[in-house]
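K.L.:
For reference, the chains in residue letters:
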Amino acid sequence: MTTEVYLNSRYVGDVENPEQFVQNIVDSRRKADLSSNVNVSYDKKKNEIHVESLRGRLRRPLIVVKDGKSLLTEKHITQLEKSELTFSDLLKQGVIEYLDAAEEEGTFIAFYENELTKQHTHLEISPIDIFGLCGSLVPYANHSPGARIAMGAKNQKQSLGLYAANFSVRMDMDVNILHSAQRPIVTTLTHETSMYEKHPSGQNIVVAVMAYKGYNMEDAVILNKGSIDRGMGRSTYFRPAITEELRYAGGLTDEISIPDKEVKGYKSERDYRFLEEDGIIYPEAQVKEGDVVIGKTSPPRFLSSLEEYNLASNTRRESSLGMKHGEEGIVDFVCITENEEGNKLVQVRLRDQRIPEVGDKFTSRHGQKGVVGLIVPHADMPFSASGIVPDLIFSPHGIPSRMTISHLIELIGGKVGALTGRYIDGTTFDSEPEAALRKLLLQFGFRENGTETMYNGETGEQYQAKIFIGNMYYLKLKHMVANKLHSRARGPIQLLTRQPTEGRSKEGGLRLGEMEKDTFVAHGAALLLKERFDSDKTVVPVCESCGMVAIYNEFKDQSYCPICGDNVEISDIEMSYAFKLILDEFKALGVYPKLQLKTKY
Amino acid sequence: MDEELFKEYEDKLPPAILENIRKNAPEKITKAQLKKVLELTLKEYEEMAIEPGESVGVISAESIGEPGTQMTLNTFHFAGVAEMNVTTGLPRIIEILDGRKALSTPMMEIYLQKPYSTGKDIKKIALMVKETKVCDVASEFEINLADSTIEIKLDKQKLEEVGLTPSTLVKNIEKAMKVNLKLKDDDLVVVKTSSKESSLNEVYKLKEKIKDAYVQGIKGILQVLPVKRGDEFIIITAGTNLRKVLELEFVDPVRTVSNDVYEIGEVLGVEAARQAIINEILKVVDSQGLNIDKRHIMLVADMMCFSGDLKGITRYGIVQEKASVLARASFETPIKHIIDAALVGEVDKLNSVVENVMINQPLPIGTGLPSLIVDAKK
Ligand SMILES: [Zn+2]
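Keeping their order, the protein sequence lines are chains A and B. Everything in the first sequence is counted per this note's numbering, starting at 209 for the first residue and increasing by one. Everything in the second sequence is counted per this note's numbering, starting at 27 for the first residue and increasing by one.
Okay, the calculated beta carbon distance ranges per label pair:
| id | chain 1 | residue 1 | chain 2 | residue 2 | range |
| --- | --- | --- | --- | --- | --- |
| 1 | B | Ile-76 | A | Thr-727 | 15 to 25 Å |
| 2 | B | Leu-369 | A | Phe-763 | 36 to 46 Å |
| 3 | B | Thr-359 | A | Gln-366 | 34 to 44 Å |
| 4 | A | Tyr-214 | B | Asp-319 | 50 to 60 Å |
It should be emphasised that the hints constitute simulated quantities derived from the structure, not laboratory data. Don't be surprised by glycine CBs; every beta carbon is placed ideally from N, CA and C.
Here chain B stands alone, though its shape is the one from the complex (with noise of 0.2 Å):
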C-alpha cells in the first residue's frame, strides 16, 4: 500500500475515512488504482459538505420536531422490579433540552473493575452503593417519656443485608447526627436527649431527623439494580451521584455513566456533557425506532455547549446568548427584553433570520445571503 498517497490525502479527507480505504482496499492494487479511489473519494466527501448559507438550524429543528410528533409511551418499567421506572419518549427529550437539573428520573448505570463484575457478591456490592437510612435497618422507634430517650430497634436481618453490625450503625450514626447514643441489648439503640430537647415536640423532631439519617453507602443513590450485561454484572440504580461513585475503588470509572447530563458536565466537564446529550438523546431516537441523522442532535448539543457550560434551549438557556434584541423579544415576555435591551443602549446588527423576517429584509441565509462586497459611493 502507498503511504506517500495516503499522506497527501491526509488532511484533505478525515482519519477514518483514510483508515477504511486502507482496511478494504485490495492487496495488489495499483498506485494508479489507489489514487483514483482517493480522488472519487474526496469527490464524495466534498459533494456531501453542506455549503454556505444551508440553515442547518431549521433543518435539525425539523429533523428532530418532526418525528417528535410520532413518539409514544412516556415512561417504561423495569420488567419485574417493582418502582424502577424510566423517562423516555418526548419527555425525555424535552427534559434533555432543557437543560434540566432536576430529572424525573435520575439513573446510573455502574459498571465493575474486573474481579467485581464476575457476580460474586454482587448483591452486597450493589447494597454498598445505595444510601441506607437509620429507618431502612430499624424496625421501630419509640419515644421513652419517663426519661426522655428514643429507642431505636434494630432489624437484625436487614442489617446482616447492608453489611452492618449494630456497632458499626452507632458509630455512623454518630457521625451523621452528632448525637449521643448508647446500644442497649444487641438489637436496641438508645438515644440520649441533652436539656436542650426537654420538650416533647423538640424529642419527637429529633426522633424524625434520626429516622433519615445517613448510614452509609452513596446518597443520592435510591435504588439499586444488579443485572447482567453482556458476561459481566452491572449495577443500575434510580438515583445518581456520579461524583461518590466514581471515588469507588471497584466502579470501572471509563464506562460507568449517567442520565444526568448536568451532572456529568460538573464532575466530567463541558465536553462530556455534549457527548452525554448525543448520547441521551440517540438513546431515546433508537428506543422509539426512529431514524434521525445524528448531525442534527450534534449541532443541538453543540449549541447546548458552545458558551462552555450547558445551557438549555429555554428563554433562559441558549435564546438568552441570541445577540439580536428582536429575536430575543420574538421567543417569550417581548417586552422585558425591549426594555432591559433600551437599559443599555442595544444596537441590532440584524445579522440573523429572526430579526430580518421581522422588518421584511432578505434573511442573510440561502439565496439571499451573497451580496456585493464592494459598497457603492452614493
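The shape of chain A in the complex, shown without the other chains (with noise of 0.2 Å):
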C-alpha cells in the first residue's frame, strides 16, 4: 500500500515508505538543506501525507531531543552568552526548530530537561512558549484558570501606558499616556525580553483585600483620594481635530481662516476668540465646548443658474471645526501640512489631563477588573499597625468564584519585592515559588500569609479581620467615564423622523428599545409607555370626508383638504411623527391610507 503526498494542499504523488519519507524531509531540513519553512505532518489514519511550505501557519520553536536527550548543550549556552552564537545559527544546525500545529501533532515534547525519556521527540526553550507575548505577562498564571488568564491578557492590551517614547511628537489621535507609569514589581521573563520597563502600562500600589461599606461590591474599587493627590492613576488623553481645504469643481476652495461676519452661519465672534490670523487656534489655548478650533469656510453649495441673481446665496459657508457636545482640552500641538491630493492639512491635538474619578476602569493582570466605586479621603482609609495605607482596596467576593489564585500570590510578591528592594520572578511554570516568598515575609516580621492587623480610619477602631495588604501591579485601562458620561434631557432630533438623533457625540436620546418597550407592556404600564414615546408627537389636521392628511394655513388660521376643498370637517390628531411618515411611506407604494375617526371616549 502506497500513501499519498500533498505538497501545500496538492496532491503530488505517492510514496512507498511513508515513515522513511517524513524523516527523510525532517532530517534534511535539520541539516538546512530544506527551508525551515517547510514542515510535514504524517496522518496515519487517512494515509496521508502533508508537506506544507506556505505562509499562514501558526509556528513555533522548540529544541530537538535525540536518544531522549536535548540536542541544546551547554557548550551552545556558553556561545550564546558570549554571542559566538545566535538563535538562526541553532536553527541552522537543527537544534531547535519551527513545528507548526499539524507537525506538532506527531511529537512528544517534555516540558522540562529533566522529564526527558528515550520517547520525548522535542523539548519545550521555556515553559511560557505555549503562552503569546500579552498571556506571558501575567504573572504566576499557572495558579490560574485559562479563562481567567486569557482575560488578564485582553485587558492589558487596554491599559494606558507609555506607548511610544516620541509620543510628543506624534500625531497620534485618540491616544492615552499614563503620567509615571512603573515596571512591574512582580515581572515575567517577558518582561525583561520585551523590555518592559522602556514602555511601561501600570503602577505598582498598595492594595488591601477587603470589604468597604458595600462601596466596592460587585467588582467594584475604592481608591485613596490621597493616592489621586499623589499622582496615582493620572493620564493624558490626546484627541484630534482635522480638516483640509478642500477644491471643488470651478476653482472653488475652501478656506482656512477666520470667518467674516457676513460669512452664511456665522456663530459669535467669542466662539473664534482663540483663532489666530491663520484661522487656527494658538498652542495651549483651553477651550470649552462650543469653541472653534480651526476656522474655515467652504464655497456656496448650489450655483445654479435662478441663485445667481440671488445675493445673499454668493457668501461663503462657514464649515469650521469647533468643539463638540461636552468636551474640553488644551489645545497641545498644532500641525499645518499637506496631504497626498496636495490640500492644505490642518492637524491640531487637543489634550486633556484624566485624573481617576469614579466610574474609571481598573484591573490587576490576573482579569480581575473593576469600576471605582468611591474615593475615600486618606484620613479616612483604613491603616496598617506600621501605618502603611492602602492605595486601592479590592474585593474579596471576587476571588473564589473566579479562582484566581495568581492574584493573590501576586500581592504576596509584591510585598516581598517592596521589603527586599528587588524584582520577583513571577514567570508562569518557572517563578520564585510561593512558599520562598512567605517565608521571607515572615523574616521580616510579616505574617507569612500576608495578612496584617487593621484600623478603621474613620472611628480608628482595629478590625476583627485581619487584612490581606501587599503590593500589586495596577493597571489603569483606557475606559474613562470622562468619554462616556452622557444625559439628555431636549436636543437635536432627526429631519426624517422627528425623533431624537443617536449617540453621545451628537447629544442623543436614549434609546428604548423593542425590548424596553415589552417591559412596559408586562407592567400594564400602558399611559406611561406612551409618555415615552411622545418624544415625536405631531399633532395632524386630518380630514374627516377622505381620511387623508389636510393643510392647516396658520395666517389665514384655516384648515382646507387639497382633495376635499375647505367645506369639509377637519380634526387635528395626535399621533407619532413616524406614524404621519409611515402613511407617506403607504401613498409612495400606491397604497391609499384612509384615516377614519371617531370619538375615543
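Hints are included, so try docking the two chains, each in its own frame, into the full complex.
P.N.:
Here you go:
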C-alpha cells in the first residue's frame, strides 16, 4: 500500500515507505538542506502525508531531542552568552526547529529537561512558550484558570501606558499616556525580553483585600484620594481635530481663516476668540464646548442659474471645526501640512488631563477588572499597624468564584519585592515559589500569609479580621467615564423622523427599544409607555371626508383639504410623527391609507 | 364530611381543589370549620386569578424567552448506542414553536401490551417495527450482463434476525416492487428484467431501486432500541409513524407517543397536538433544569392550536392570523402585508398592542384598558 503525498494541500504523488519519507524531510530540514519553513505531517488514519511550506501557519520553536537527550548543550548556551552564536545559527544546526500545528500532532514534547525519556522528540525552550506575548505577561499564571489568564492578557492591551517614547511629536489621535508609569515588581521573563521598562503600562500600588461599606461590591474598587492627589492613575488623553482645504469644481476652495461676519452660519465673535490670523488656534489655549479650533469657510453649496441673481447665496458658508458637545481640553500641538492630493491639511492635537474618578476602570493583570466605586479621603482609609495605607481596596468576593490564585500570589510577591527592594520573578511555570515568598515575609516580621492587623480610618478601631494587604501592579484601562458620561433631556432631533438623534457625540437620546417596550407592556403601564414614546409627537389635521392629512394655513388660521376643499370637517389628530411618515410611505407605494376618525371617549 | 357544603362550592372552585380539600381535611372537622376552609380557599383562589388587562402574552414570552438564553447543549446521545441522538435545548424549543413538519430527530416511545412488555422476545418485536429494506438483508448485488438479470445474494443471518425466510422475502419484494423474482438456491434471488429494461443503464437503475425496496416493518422507523423503563420494556425508535404503529396489535395505544407534534395532530386531533406541545416543551425545560410555569407554555400551545389546526409562531403561522394589518406588517415583510391589505381594502381597527405602539396611542392593556362606555355627544 502506498501513501498519498500532498504538497501545500495539492496532491503530488505516492510513496511506499511513509515513515522513512517523513524522516528524510525532517532530517534534510535539520541539516538545512531544506528551508526551515517546511513542515511535514503524517496522518496515519487518512494515510496521507502533508508537506507545507506556505505562509499563514502558526509555528513555534522547539528544541530537538535525540535518544532522550536535548541537542541544546551547555556549550551552545555558553556560546550564546558570549554572542558567538545566534538563535538562527541554532536553527541552521538543527538544534531548534519551528513546528506548525499539524506537525506538532506527531510529536512528544517534554516540559523540562529532567523529564526527558527515550520517547520524547522535542523539548520546550521554556514552558512559557505555550503563551503568547500578552499571556506571558501575567505573573504566576499557572495558578489561575485559563479563562482568567486570557482576560488578563486582553485587559493589558487596553491599559494606558507609555505606548511610544516620542509621543510628544507624533500626531497620534485618540491615545492616552499614563503619568509616571512603572515596571512591575512581580515580573516575568517576558517583561525582561520585551524591555517592558521602556514602555510600562501600570503602577505598583498597595492593595488591601477587604470590603469597604459596600462601595466595592460587584467588582468595584475603592481608591485612596491621597494617592490620586499624589498622581496615581493620572493620564493624558489626546484628541484630534483635523480639517483640510478641499478643492471644488470651478476653481473654488475651502479657506482656513477666521470667518467673516457676512459668512452664512457665522457663530459668534466669542466662539472664534482663540483663532490667530491664520484661522488656527494657538497652542495651550483652553478650549471648551462650542469653541472653534480651526476656522474655515466653504464656497456656496449650489451655484444654480437661479441663485446667481440672489445676492445672499453668493456668500461663503461657515464650516469651522469646533469642540463637540461635552468636549474640553488644552490645545497641545498644531501641525500644518499637505495631504496626498496637495490640499492644505491642518491637524490640531488637544490634550486633556484625566484624574481617576468614580467610574474609571482599573485592573490587575489577572482578569480582575473593576470600576472605581468610591474615592475615600486619605484620612478615612484603613491603615495597618505600621502605618501603611492602601492605595486601592479590592473586594474579596471577586476571588472564590473566579479562582484567580495568581492575583493573591502577586500580592504577596509584590509585598516581598517592596520589602527586599528587588524584582520578584513570577514567570509562569518558572517562578519563585510561593513558599519561599512566605518565608521571606516572615523574616521581615510580617505574618507569613500576608495578612496584617488593620484599623478603621474613621474611628481608629481595630478591625476584627486580619486584612490581606500587599503590593500589586495595577493598570488603568482606557475606558474612562469622562469619555462616556452622557445624559439628555431635550436636544437635537433627526430631520426625517423627528425622533431624537442617536449617540453621545450628537447629544442623542437613550433608546427605549423593542424589548424595553415589552417590559412596560408586561407591567400594563400603557400610559407611561405612551409618554415615553411622545418624543416625536405631532398634531396633524386630518380630513374626515377622505381620511388624508389636510393642510393648516397659519396666516388665515384655516384648515382645508387639498382633495375635498375647505368645506369639510377637519380634525386635529395627535399621533407620532413616525406614523405620519409611514402614511406617506404607504402613499408612495400606491396604497391609500384612509384614517377613519371617531371619538375615543 | 359535609357534601352539601362541597356542592355549594362546586361551581366556584375547580374539582381538583375540592377533591384535595376532601382528601386532606381531618375526619372530625365541623361544618363551620369546613366552611371557613372553603371560604379561605376561595379567597386565595380568586386572588390568584389573572386580572383583566394583564398582558399574559408578553409575560409568557418573557418567561419562556429569558430561561431560553441559559439553555445549553443542542443534542445528547443515547449512551452506548450508535447514532441515536436527540435534539434538545433551544433548537428543539424553536422546532416545536415553529410547528415544523420535518423534525431533525423524530422519535417514538412505543409501549407494549401486557404479555409483550415483559421483555421476552423484545428484540424480535423491535425488529418487526423497524423498517427493513432489501439492502438490510442482502450482502451483495450483482448485475449479470449476459442475460441482463440482477442477482441478490442474501445474508442468511440478518434475514433470520428480522424473522424472514427467503421465500417470504421474495413475496414481500414482489408486493412492493412488481418485479419478476425467482429464488435460485437458498440464498440467491434472481431478478429477471423485462424488455423495457434492456439497456445496462436501466438495469442499473432497477438494481438501485430494489436495494431500497421495502420488505417489512413500519415505514419511517429507521432505528429501534429496546429499553427497560420501570419494570417493563419499551421500544424507543428513531423516526416516527404514529398511525401505523398504533395499528399494531402488541402496541399499547394509550401510552405510545411520538415527539412529532404535527403527526400527533394529524392522527389524534388538535387537542392531542396541544397536549403534545406542552409535554414536549416541558420535557426540554425539565431536562435543562429550568423552571418555567406550565401556564405560560399552555398559553403558547393554545395560541398555536386555537384555530383548529396547528400553526407555528412564524410569519406563516399565527402572525398571519392577526387581525391588524399594521401588527402583521411590523413583524416581517411589511410591504407584502401592506399591499395585500390594500388590495382587499382591509380596515385596521387598532384593537391590539403593536399597532397602538406604532401610532403612539394608549395601549388597550393594563392602565390603558379602562375607558368610558358612554359616547360623549360632540
Ligand atoms: Zn379630504
